[in-house]
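Top line first, the protein sequences correspond to chains C and A.
First residue of the first sequence? That's 1 in my numbering, and the numbers climb one at a time after it.
First residue of the second sequence? That's 1 in my numbering, and the numbers climb one at a time after it.
By construction, these hints were calculated from the structure, which means they are not laboratory data.
Everything numeric in this text was worked out from a predicted model, so none of it was measured.
It is possible that some hints are incorrect.
As the list claims (entries may be wrong) - One-sided excerpt, in silico: chain C residues whose CB lies under 8 Å from chain A:
#1 21
#2 23
#3 27
#4 31
#5 32
#6 34
#7 35
#8 54
#9 55
#10 64
#11 71
#12 78
#13 88
#14 89
To be verified - Chain A stretches covered by chain C per the calculated footprint, using a threshold of three residues with CB under 8 Å from any CB of chain C:
#15 64 to 77
#16 448 to 459
We put the beta carbon where it would ideally sit given N, CA and C, even for glycine.
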Amino acid sequence: MDELKNKANLAVCGVFLLLVFGLTIASMVSPVKAFSESENRYLAKKPKFSFESLFDGDYTADYETFITDQFVGRDTWIGIKTAMERAMLKQDINGVYFGKDGYLIEKHDEADIDPEIAERNAERLAQFMQDCVEAFGEGRAHAMIVPTASEILEDKLPPFATGYDQETYIEQIGALLPEQCLVDVTQVLKNHSSEYIFYRTDHHWTATGAYYAYQEWAKACGFLPLSNEDFTVQVAADDFLGTIYSKVNTKVDPDEILLYQTGLPYSVIYNMDGKVKDTLYDREKLETKDKYAVYLGGNNALVQIDTEVDNGRKLLIVKDSYAHCFAPFAVNHFEQTYMVDFRYFNMPVSQFIEQYGITDVLVLYNAPNFAADTNTLLFTK
Amino acid sequence: MVFSSLLFLFRFLPIILLIYFIVPRRFRNFILFVGSLIFYAWGEPVYVVLMLFSTAVDFTHGMLVDRFKREGKDKAAKAAVASSMVINLALLGFFKYSDFVIGNVNAITGTSIPLLKLALPIGISFYTFQTMSYTIDVYRGEAQVQKNIISFGAYVALFPQLIAGPIVQYKTIAEQLVNRRESADQFSYGVMRFMAGLGKKVLLANNIGLLWDQISARPAGEIPVVLSWLGITAYAFQIYFDFSGYSDMAIGLGHMFGFRFLENFNYPYQSRSITEFWRRWHISLGTWFREYVYIPLGGNRKGFAKQIRNIAVVWILTGIWHGASWNFVMWGVYFGVILVIEKLFLLKVLEKLPRWISHRYTILLVWVSWVIFAFDDLARGVDYLKTMFGLNHTVLMDDATIYALYTNAVLLVVLILACTELPAKLAKKLLGTLGESGKTAALLKCAYLVLIFVAATAYLVDASYNPFLYFRF
Chain C
1 MDELKNKANL AVCGVFLLLV FGLTIASMVS PVKAFSESEN RYLAKKPKFS
51 FESLFDGDYT ADYETFITDQ FVGRDTWIGI KTAMERAMLK QDINGVYFGK
101 DGYLIEKHDE ADIDPEIAER NAERLAQFMQ DCVEAFGEGR AHAMIVPTAS
151 EILEDKLPPF ATGYDQETYI EQIGALLPEQ CLVDVTQVLK NHSSEYIFYR
201 TDHHWTATGA YYAYQEWAKA CGFLPLSNED FTVQVAADDF LGTIYSKVNT
251 KVDPDEILLY QTGLPYSVIY NMDGKVKDTL YDREKLETKD KYAVYLGGNN
301 ALVQIDTEVD NGRKLLIVKD SYAHCFAPFA VNHFEQTYMV DFRYFNMPVS
351 QFIEQYGITD VLVLYNAPNF AADTNTLLFT K
Chain A
1 MVFSSLLFLF RFLPIILLIY FIVPRRFRNF ILFVGSLIFY AWGEPVYVVL
51 MLFSTAVDFT HGMLVDRFKR EGKDKAAKAA VASSMVINLA LLGFFKYSDF
101 VIGNVNAITG TSIPLLKLAL PIGISFYTFQ TMSYTIDVYR GEAQVQKNII
151 SFGAYVALFP QLIAGPIVQY KTIAEQLVNR RESADQFSYG VMRFMAGLGK
201 KVLLANNIGL LWDQISARPA GEIPVVLSWL GITAYAFQIY FDFSGYSDMA
251 IGLGHMFGFR FLENFNYPYQ SRSITEFWRR WHISLGTWFR EYVYIPLGGN
301 RKGFAKQIRN IAVVWILTGI WHGASWNFVM WGVYFGVILV IEKLFLLKVL
351 EKLPRWISHR YTILLVWVSW VIFAFDDLAR GVDYLKTMFG LNHTVLMDDA
401 TIYALYTNAV LLVVLILACT ELPAKLAKKL LGTLGESGKT AALLKCAYLV
451 LIFVAATAYL VDASYNPFLY FRF
């Protein structure tokens, strides 16, 4: 009897030691990965030892990040955790809602947004719009603060899910701005909410969503918007798994990337590097994980687009990445378009306008991003 | 370093197990001592000096007390005990309470003495209490003096109980320090216990803690009544499963290395009175204060007035031990007052009442205490309490409340069951019918072990997911 009991206990000891030592050794011998494709970020590398970093605690903290980032089978573990949470009826994991129809929807909590920063940004934008209206005249300066999927795809959210009230924030901005400056696309996006206007696995809107918003903006500018017949729409990829997918590593249907093509000639220069590209779409990016970067090459400090339009007008778009799939529509009404991203481009906007002879301005951000943006001081300089 | 980290599970633990069991028995305390110092120094490289100082001080004081006692110099022995207490309490006071004192002096006298802003050395409240108990026990003749500084150092620094208890009194493991026999049976018990603790901490406490974080981030004046109760329930579960989880892991690790620490939690949320609650919650702290404060002050043997004074002293100290802030003092006083009322008459009433009433009475009072405990800022705590009792006139519930309830429903059921004796009893019964030694029992145990191990590892790996990522896009 005792011997048998001993055997049961030996089994427990054996399994435990196997798990601890097995995973330790596997983790130590598995090669260090520099970049995680599925999370789309650089993983921590082994920190360099120095007594200084040891005593201020940096070394130990970095070492722990290194071990977690490089843990063997990292993606599988994240998948296991997601599966467990789903089994517990959790409807949101790592800031992602598991919505209906296979939609993963990024969650924005009231607590994530600092109301003071949100209000400050709105005021700075209002000041900037005021300045632009004075400089360029009415109908030449617009702001488009785009609500994200959690606001528009309400009926796809889990029951009773709540979040940051983007619609109210956009209305507050509208009240501060000079008349006609805000292009409010909330309603038009809601009207098309049954269409494929947001990605299921990424936090961006699709080119189709951007197209509906473009129509509103073109009307506000007094242009006749290009119609659907003016484009050939190409499915450039059907295996896109975006940023939200990376947060949960669960099995979902991948997204499609649609390219709206006019057949007109364009010349595109990224960051003034002197190399002229002849397309708005950087197809090399379709081979990478972040396929959304196909639209105007992804995040860049400054992008210049020239067209064959001859109206003497030059558009400046101050933006976040929501503008990347919007710009291919907008550029068709201007001789020249500049896209500026304050996160990477540190020049007061007034100076830029003067230097490049800008005649029209569009500010385009998604609402939670704009509410939390920390670079808006550049609007006022 | 903490137990619930990949670093501990997949670097520190395998290395120390390997070395500990390879070396001859006579070096094992040395390995534990050095290993524990590394465990502590990880992230606190400077404060390890403080712990070594504390160890050296109490080691020499123990020797002095012992020598004076043998020479019959009781006064000198007493002086040595006093000297050890003064040094330990001075260390604790300086590092833990100076800013609290300075802040209060500034507030009262209008001075502006700058705060020291010292980082609190991890575990200092635990190890100073342990080393004090050693000198006192030697003086009282309840423990033999330890003449080997390595063994003594291993006791003070012993990594399983170093950072979050239990507070192990020297006399309870004096014998094990020198004469312990590790065995597969004990190791296997340690493994199962460690797993239970790891699961409690990583799977239960961390998860329900998220809910409390979300709810408490909202201004109390806006929280619906039901959500405020759900919030403090989440906190109550978080603190219990976190704290008792750490104790389980400590006890489990102790067993792996051949030690038997005393129990620290005994299903406190089953209690039918606050008196009973404190016999089941953080037992090692209650025991410490009883043996080294309450009883030496005279306990209940010197009349009712003195007893009340003694209770007051113990509970103010218990409160402030939990943190250098007024809300912890209030928290201690709150329990002190309830305990006196229970002693006076309420306990007798509670014993006669049906179980469900006395149980609910206890839970209600404990839940209120957690509000005091959770908010450093007393005003915020009071505001939260007002919301709970409808005095802030917030709505009963909103969409967020329903969402929080149904998405946490399964977890809450698990938590409620897990803080009762039921699962342990069922497991015992099941293993009993299967035969403790049967193959099925062994299989079940291993399955339980693998399940928690895999789940906990998954949670630890994913905790590192960097949510800052979004802002790069």
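Check your understanding: Can we keep the residue 54 (chain C) interface hint, with Cβ of chain A closer than 8 Å?
Key -> holds (6 Å)
Review point. Close enough to count: is the Cβ of residue 55 (chain C) nearer than 8 Å to one in chain A?
Key: holds (6 Å)
Review point. Measuring from the C-beta of residue 64 (chain C) to each C-beta in chain A, is the shortest one below 8 Å?
Key: Holds - the Cβ of residue 64 (chain C) comes within 8 Å of chain A, reaching about 5 Å at its closest.
Check your understanding: Is the shortest C-beta separation between residue 21 (chain C) and chain A less than 8 Å?
Key -> This hint holds: residue 21 (chain C) lies near chain A, its Cβ roughly 5 Å from the closest one there, short of 8 Å.
Point to revise | Interface hint outcome for residue 31 (chain C) [beta carbon to chain A under 8 Å] | key: violated (17 Å)
**Study point:** Coverage assertion for the stretch 64 to 77 of chain A with respect to chain C, Cβ distance below 8 Å, three residues required
**Key:** violated (count 0)
**Study point:** Closest C-beta approach of residue 23 (chain C) to chain A relative to 8 Å, hint status
**Key:** This interface hint holds because 6 Å falls under the 8 Å limit.
Exercise for review: So, residue 35 (chain C) near chain A? Judge it on the closest CB pair being under 8 Å.
Suggested key: At about 13 Å, which exceeds the 8 Å cut-off, the nearest Cβ of chain A leaves the hint on residue 35 (chain C) violated.
Exercise for review: Would you settle whether the hint for residue 89 (chain C) is holds or violated, based on the nearest Cβ-Cβ distance to chain A being less than 8 Å?
Suggested key: holds (5 Å)
Check your understanding: Should the interface hint for residue 71 (chain C) be scored as holding, given a Cβ-Cβ cut-off of 8 Å against chain A?
Key -> holds (5 Å)
Check your understanding: With a cut-off of 8 Å, does the beta carbon of residue 27 (chain C) approach a beta carbon of chain A closely enough for the hint to hold?
Key -> holds (6 Å)
**Study point:** Per-residue hint verdict: residue 78 (chain C), partner chain A, C-beta under 8 Å
**Key:** Residue 78 (chain C) check passes; min Cβ-Cβ to chain A is 5 Å, inside 8 Å.
Of the hints listed earlier, those the structure fails to meet are numbers 4, 5, 6, 7, 15, in rising order.
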